[in-house]
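K.L.:
Residues per chain are reported as follows:
2 protein chains.
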Amino acid sequence: MTISSFLKRASGYLHGHPAGFKALVLVTLSSGSLIAYSDSQSETDRVGLGPNQKEQKKKKVVVLGTGWAGTSFLKDIDISSYEVQVVSPRNYFAFTPLLPSVTCGTVEARSIVEPVRNIIKKRNGEIQFFEAECLKIDATNNQVLCRSNLDQNLGGNREFSLEYDYLVIAVGARVNTFNTPGVRENCYFLKEVEDAQKIRASVIDSFERAVLPGLSEEERKTHLHFVIVGGGPTGVEFAAELHDFVQEDLVTIYPMVKDLVRITLIQSGDHILNTYDERISSFAEQKFRRDGIDVRTGCRVLGVSEKSLSVKVKSHGEVYSIPHGLVVWSTGVGTRPVVSDFMEQVGQGDRRALATNEWLRVKGTENVYALGDCATIDQRKIMEDILSIFKAADQDNSGTLTVSEFQDVVDDILIRYPQVEVYLKSKHLKDVTDLLRDPEGNERESVDIEEFKSALCHVDSQAKSLPATAQVAAQQGAYLSRCFNRRQQCHELPEGPRRFTGVGQHRFRPFRYKHFGSFAPLGGEQAAAELPGDWVSMGHSTQWLWYSVYASKQVSWRTRVLVVFDWTRRFVFGRDSSRI
Amino acid sequence: MTISSFLKRASGYLHGHPAGFKALVLVTLSSGSLIAYSDSQSETDRVGLGPNQKEQKKKKVVVLGTGWAGTSFLKDIDISSYEVQVVSPRNYFAFTPLLPSVTCGTVEARSIVEPVRNIIKKRNGEIQFFEAECLKIDATNNQVLCRSNLDQNLGGNREFSLEYDYLVIAVGARVNTFNTPGVRENCYFLKEVEDAQKIRASVIDSFERAVLPGLSEEERKTHLHFVIVGGGPTGVEFAAELHDFVQEDLVTIYPMVKDLVRITLIQSGDHILNTYDERISSFAEQKFRRDGIDVRTGCRVLGVSEKSLSVKVKSHGEVYSIPHGLVVWSTGVGTRPVVSDFMEQVGQGDRRALATNEWLRVKGTENVYALGDCATIDQRKIMEDILSIFKAADQDNSGTLTVSEFQDVVDDILIRYPQVEVYLKSKHLKDVTDLLRDPEGNERESVDIEEFKSALCHVDSQAKSLPATAQVAAQQGAYLSRCFNRRQQCHELPEGPRRFTGVGQHRFRPFRYKHFGSFAPLGGEQAAAELPGDWVSMGHSTQWLWYSVYASKQVSWRTRVLVVFDWTRRFVFGRDSSRI
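Protein sequence lines correspond, in order, to chains A and B.
The numbers in the UniProt record's numbering rise by one with no breaks, and the one at position 397 of the first sequence is 397.
The numbers in the UniProt record's numbering rise by one with no breaks, and the one at position 216 of the second sequence is 216.
Since the hints were derived computationally from the structure, they do not count as laboratory data.
Treat each hint with caution, since some may be false.
It does not matter which identical chain is used: a pair holds within one copy or between any two.
The list that follows gives simulated cross-link-like pairs (lysine-lysine, DSBU-like), each with its CA atoms no further than 35 Å apart [claimed, not checked]:
(1) Lys191 to Lys59
(2) Lys121 to Lys198
(3) Lys75 to Lys221
(4) Lys312 to Lys430
(5) Lys287 to Lys221
(6) Lys57 to Lys258
(7) Lys122 to Lys221
(8) Lys122 to Lys258
Remember, it's a predicted structure, so these values are computed and weren't measured experimentally.
Produce the entire structure from the sequences given, and follow the hints as far as they go.
P.N.:
Put into structure tokens, the structure is as follows:
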């Protein structure tokens, strides 16, 4: 068969020549006015290891989790220096920012996932993956206990242990219910692909339920009342998606109940999207008001039952009950049990997330790293080191610090204490030496220790913890693999800032987060974006920017094509309402 | 935004002008060398009812099921004459012939389903659909008892009744386990979309399980032993799909276990695909042998446990046990409980399927029809009516039948007893009157009753029941809606054959199945087909014919585009192995 053999050969060519194929798809996508670029080329510097070093026994690295942090670490880790084993209950990476789109079928679940084995296959296949859940981290014996979550046929072999030289914890977080009663039993969450699929089926169920015979109008209304708790980006995007799904697709096939649908968004703060610029918050609130989405700010949920939730208005303490057909709970992140247990072991039992230093190493351990939503960087305060800094800078031991002496240590300070730069920006100061001016703003030749302390005493207030986002996690994973890959090189030639509280230099530069902006899709082909440089953009054009960025950021060309196809399909045919 | 508003307008245009859009897609598809045509134009003759008739109270029709038969009935039923209510536990129609493709991700589940509400929307939205399971048919009181399968929030309202004037049973069949112990607990089936999705996840699970640490090679082999019971078209196609999935996709990402995978097909008959032409059977067997699929014919499964199945070789009675990782059971069809219960009510308790007459009306009822896999047509035997036929034909009451007298009733005989035509064909007779020749083959002027009887006594052996296929079900649904729509017209002007056992004419022509051929995809881009006129076609070109036919037969343009996209995606990127 000519056609068949032609296609076979073409397919073989594409498999063998991914670059050629990418160029092809790039052209296709460009003609569709989408900015897509290949980011599959790794930018990591690889350390050329000599044959002797290679012959040494490879160090064992165990990675827990295949989310943004874990996958980004795996994409770049140098397998010629490390033996890598990965444990995750899911054998795929999910592009989580598109989860709200999956809840309503704008994008299919399968379009946003990529098998982990596809990702590690590119790394010469020397990374081992086990589909299992980590039950316990045994920091004393350097091993992790895992259990396969495949329930059948394993006999007594379901649990196994892995030993490690280095452990990378990237298990993510779970939903934080703030111990509100009834939430785990009666609410839907939106953290995993399965969650999004469940919500999709349940939305359809609510409509099917509402059109059954023999119900009162009140009952139909209850079935069609969708409540979202949490006015962060995820909750807001889900509300917007749901509104579009109902108005664009469902009302045409369930015309008999189209006037009974209600969407309510409950937010405990005074505004939705309150981590964004306030222009975005008010734009979103206005849009939702026009769309008929009932936004209730300043309300706290006290409990959720099967049929209603009880809400307290924070300002005047009134408590009332709302009947519901479906509640999606989307508020903050909480710690997974395996991480809480590990925190007890390393003396962090009283904290809310696993604390690491600025090099992402878990405090209280030598060889355990934590990335992404399960961890938080405990930024060293400059005031803790103020005496050492002064002493190190005061080269002539005069007891005073001149501007030129200070300038010698400025670079190291800026790297070691990033809050200094944030502080300068917040005070609109151009240069670090401006810090040494006197309270009236006049330049000083030199400062003594007390003047130095008072010049820097407000700096630490600018040390903020990083948000629990995909961007942070991905950058941390890439950073850590870079450190791992350059361990030997940087041992010989350290590249980090000098140690003020000790001698010598840090081996690596600490992790520094670079914010590329964030989006909030608001439905009706509109979105809001906060871009670097305090730029704010809102409206239809921002939605197209969103399409471009999200298409380009896909983890593989496969998912990129699928996601773009899904968007096109939605434009042409609408969303599917089959309950599968 | 110019682009946005352009696309909005384009999308609006497409929604408003489906014909224009179809032409567009048709061009796109044609350029991809696929023969696709629109079959969305209904070919049914509509009866123009006068205003008086319309004002009469509409008769209530309740349809159970939204498979091939039910949907095909709904597509054409005239809603100006009937009030139609549909009850089905699934709110979608599934293109079941592609289910084996869904098991391995060649085609996505969502690409082969179309919401029932989309299908009935085209019928002016006057058909009511309820997502519920029919629990009981109460033939005495003309009502059905249904229960919503949505488990939450319905309080005491989960059950409801619907009254009917006419009932159409099209609930399909369930898997026939032949009461083999352990089958329902330990086997996967392949009848519903959910079944296919479960199999897909389980195949991936088997591979994930097999690569876990600490297993012996024997255990890994067991996990990777896939057993299919039943060598019919479904079982064979699944075996072929699975083999392709493993060889084309899974071995590259699970290279460590690629030599441990085994596929075994167990068939009780002497050949697989034994309802097909024997050239196809042996082609399939040879292809499977080359592919390394272990085909065991002449074996009966005695029981299935969690880890093994016990098999008896029919020829010499030996019983042995096979360890397995996954068993797919695909043998024959059985009766659903609600149908069995109804059969008891109408005195068919001893039968294996609901018997209808040739007009699809359930025997023993006046207003209940049954279509598709749940029913079987009980073809009237010509020998039962032989005296009446002779009497009716013998116009001069001479006690003998001349050739010209016989010719007067031939047309009615051929319509009423289709087995006559099959018999003629099997005996290579050109004309019906050839039946009247004497045993030596010489023409006779006339025959008496005994000669007439002996001429026709072997005819009934050719009355065969129809296969349980989508083609039969769809034709039955279309036939029945045509009858319903022409009820009034055909009451006044009957169009069926004359009644030999009574007076007058039958109102409608009986249902006649027209076989358009059947396919058996065999993997590796090869297929076999049995086409009308005893044509047999095998190989790569047949696979392309299969692609064309299956693309053209999709129920909507949406699913057509999705299915073709899925095939293309599989060619370019392979199948996805994420376990979602």
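K.L.:
Hint by hint, note whether the structure agrees.
P.N.:
Evaluation of the provided hints:
no., hint, result
1, Lys191 to Lys59, "within (33 Å within a copy, 50 Å between copies)"
2, Lys121 to Lys198, "both (31 Å within a copy, 26 Å between copies)"
3, Lys75 to Lys221, "between (49 Å within a copy, 31 Å between copies)"
4, Lys312 to Lys430, "neither (47 Å within a copy, 87 Å between copies)"
5, Lys287 to Lys221, "within (23 Å within a copy, 58 Å between copies)"
6, Lys57 to Lys258, "between (67 Å within a copy, 28 Å between copies)"
7, Lys122 to Lys221, "between (52 Å within a copy, 26 Å between copies)"
8, Lys122 to Lys258, "between (50 Å within a copy, 18 Å between copies)"
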